[in-house]
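Residue numbers (the working numbering), protein chains in the order written: chain A, 1 to 290; chain B, 291 to 573.
Hints were generated in silico from the structure; no laboratory data involved. There could be a bad hint or two in this list.
[As the list claims (entries may be wrong)] Distance condition first, Cα-Cα at most 27 Å in a straight line; then the derived DSS-like pairs of lysine-lysine:
#1 K101/A with K300/B
#2 K179/A with K101/A
#3 K300/B with K179/A
#4 K233/A with K59/A
#5 K537/B with K233/A
#6 K186/A with K300/B
#7 K101/A with K186/A
[Stated by the list, open to error] Simulated DEER-style distance windows between Cβ atoms:
#8 R532/B with F54/A: 37 to 43 Å
#9 G232/A with L319/B: 27 to 33 Å
#10 S551/B with E55/A: 47 to 53 Å
Because the structure is a prediction, the values reported are computed rather than measured. Ideal placement from N, C-alpha and C gives every residue a C-beta, glycine not left out.
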Amino acid sequence: MTVSTRKTKLTTALLLAPASLWYLLLLVAPLVIVTIFSFGERAPEGGYAAAFTFEQYLKLPTRSTPFINTLWLASLGTFFCIILAYPLAYYLATRASAQMKSILVALIIVPFWTSFLIRTYAWITILSSRGIPAILERLGLVQDLVLLNTPFAITLGIVYNYLPLMTFPLYVSLERLDKRLLEASKDLGANRWGTFWQVTFPLSAPGLITGSMLVFILLMGEYLIPALLGGGKIFFVGNALVDLFLQSRNWPFGSAVSMALNFIMLVIISLYLWLTSRLGGEGREEVSLF
Amino acid sequence: MRDPISSLLKNYATLLYIFLYAPIALVVLFSFNSGNYAADLQGFSFRWYGETWRDPFVLEAFGNSIFIATTSATLATIFGTLAALALQNVRGWLRTVYDSLIYIAIIIPGIVIGIATLIFFVQFFGWLNPILQNLFGPTAPRLNLGMPTIIAAHALFTMSIVLVIVRSRIAGMDRSLIEASSDLYATPFNTFWQVTLPQLFPAIMAGFLLAFTFSFDDFIVAFFVAGPNTTLPIYVFSSIRRGVTPKINTIATVTLIVSLSFLFITQNLLTRSNARARTPDKE
Chain A
1 MTVSTRKTKL
11 TTALLLAPAS
21 LWYLLLLVAP
31 LVIVTIFSFG
41 ERAPEGGYAA
51 AFTFEQYLKL
61 PTRSTPFINT
71 LWLASLGTFF
81 CIILAYPLAY
91 YLATRASAQM
101 KSILVALIIV
111 PFWTSFLIRT
121 YAWITILSSR
131 GIPAILERLG
141 LVQDLVLLNT
151 PFAITLGIVY
161 NYLPLMTFPL
171 YVSLERLDKR
181 LLEASKDLGA
191 NRWGTFWQVT
201 FPLSAPGLIT
211 GSMLVFILLM
221 GEYLIPALLG
231 GGKIFFVGNA
241 LVDLFLQSRN
251 WPFGSAVSMA
261 LNFIMLVIIS
271 LYLWLTSRLG
281 GEGREEVSLF
Chain B
291 MRDPISSLLK
301 NYATLLYIFL
311 YAPIALVVLF
321 SFNSGNYAAD
331 LQGFSFRWYG
341 ETWRDPFVLE
351 AFGNSIFIAT
361 TSATLATIFG
371 TLAALALQNV
381 RGWLRTVYDS
391 LIYIAIIIPG
401 IVIGIATLIF
411 FVQFFGWLNP
421 ILQNLFGPTA
431 PRLNLGMPTI
441 IAAHALFTMS
451 IVLVIVRSRI
461 AGMDRSLIEA
471 SSDLYATPFN
481 TFWQVTLPQL
491 FPAIMAGFLL
501 AFTFSFDDFI
511 VAFFVAGPNT
521 TLPIYVFSSI
531 RRGVTPKINT
541 IATVTLIVSL
551 SFLFITQNLL
561 TRSNARARTP
571 DKE
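Just chain A, same shape as in the assembly (with noise of 0.2 Å):
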């Protein structure tokens, strides 16, 4: 080895150093411990106690709820997500004109870099008794409809929340669609609506994965929209682990739900990198939010 290479690998070593440790100790070690944390014992004071013991992970069906109302309204609020993003994003990657393109993609990203918390905030007085459900009222359509608190209001928040990180992808792929095959597909003979599903629609399944990938994983670990748009009546798995490792300070157990949570987001990136392989090298494609 010579001396320049080996003053290299050192550089590269220093610079590295200080994210490494970060990685390390703040991401890396803690996983580790919530793994072991998952198989030990509650403290009578609260924390941890060392005991080698699979209670945690038996006692996990009592804690279902959560579990069934994550997977169940973050499935529902993806599903949205896709019906009300694609056509914005067909109409941005193939209708909109060049000098309002970029204007309209980045209003669709902006509010996706403001606060989380005041764009959930937003919506209480809206859902509230003094808001849509008065004006309803004043209309005469409904009486005592109450938004707030409800499924609804929680599928509302996920939909307003994720739509920007579901467009994105969706508008990126369609940009990049080969508008020749379109055309080829309309010289075929096929109509609009034939083109549609054989060509624009296959050839956009990378972004819908992606959007669909990265709006699911980040709803696995919401707090914010159930604890605000849902009182607290509808738990999630994040209201739960909360509500473990803050106020009942159960961390032995708080470890284990979140391992189930890890696990659960284990296996969808490993159904996106099957699905992204199994599309070829379209699915690669790396879409970048920066």
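Knowing the structure of chain A, use the given hints to seat chain B on it.
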């Protein structure tokens, strides 16, 4: 002939933009409300801005948030930039490990980072505090959750964001300038200082601003590791829990202005940096 599907799509897009922006616009509108209640619009005034400004709890939380965001974004920018530079020379399995760590830190929900950092600090302090007591006696400082732990936790995921932005700029950088510099007998350090760094500067600055915005807006990570300290999002969250007041609307409006102006500057920096990357000969 006007395409009916085109106009249908256009109307639909307009509706969705209204859906995206109307709730935020309402919050801003109600922040200028002169009435006593959050949901009852009475008239235009800056009354609640004055009230908010005089609230010591809000000011303390705001100051904490600014301090945390500035410090954690500075750390994240230094660590992330250094790592991005180093990763150019890293290949093979080690590269795969770093790439996975970077993307895991970005993609996993904040709550997982919150739990992870909480567990690390509590274990670490539980182990360190007795040692400090033995060394310095009962007057030894007791380490606890607070501002430093929020800063460290924020730096974990914002560092990854800086890393990704700076790395993509390095990939698009004009290498011929670096070669020219070393051909002209500049030392590697001088080449870095005079050629590489100025080229990377817009990306580094953009990374810093995004890291700041993320830290400033974050609720869930801080909620776990804040200890007795309060940040602005934590203050807003606990006030909402106690009931919606007009003050929250003014805080929300100020927060929006901070993140939007930072976002605007970031976007400008990145656009300029990309334009420069595409036309290196015109400099």
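Each hint, compared with the structure:
1. K101/A with K300/B: It holds: about 12 Å lies between the C-alpha atoms, which stays within 27 Å.
2. K179/A with K101/A: holds (17 Å)
3. K300/B with K179/A: With a Cα-Cα distance of about 20 Å, the restraint between K300/B and K179/A holds, given a limit of 27 Å.
4. K233/A with K59/A: holds (22 Å)
5. K537/B with K233/A: holds (26 Å)
6. K186/A with K300/B: holds (23 Å)
7. K101/A with K186/A: holds (25 Å)
8. R532/B with F54/A: 37 to 43 Å: holds (41 Å)
9. G232/A with L319/B: 27 to 33 Å: holds (28 Å)
10. S551/B with E55/A: 47 to 53 Å: The hint (47 to 53 Å, Cβ to Cβ) holds, given that S551/B and E55/A are roughly 52 Å apart.
Hint compliance for this structure: no hint is broken.
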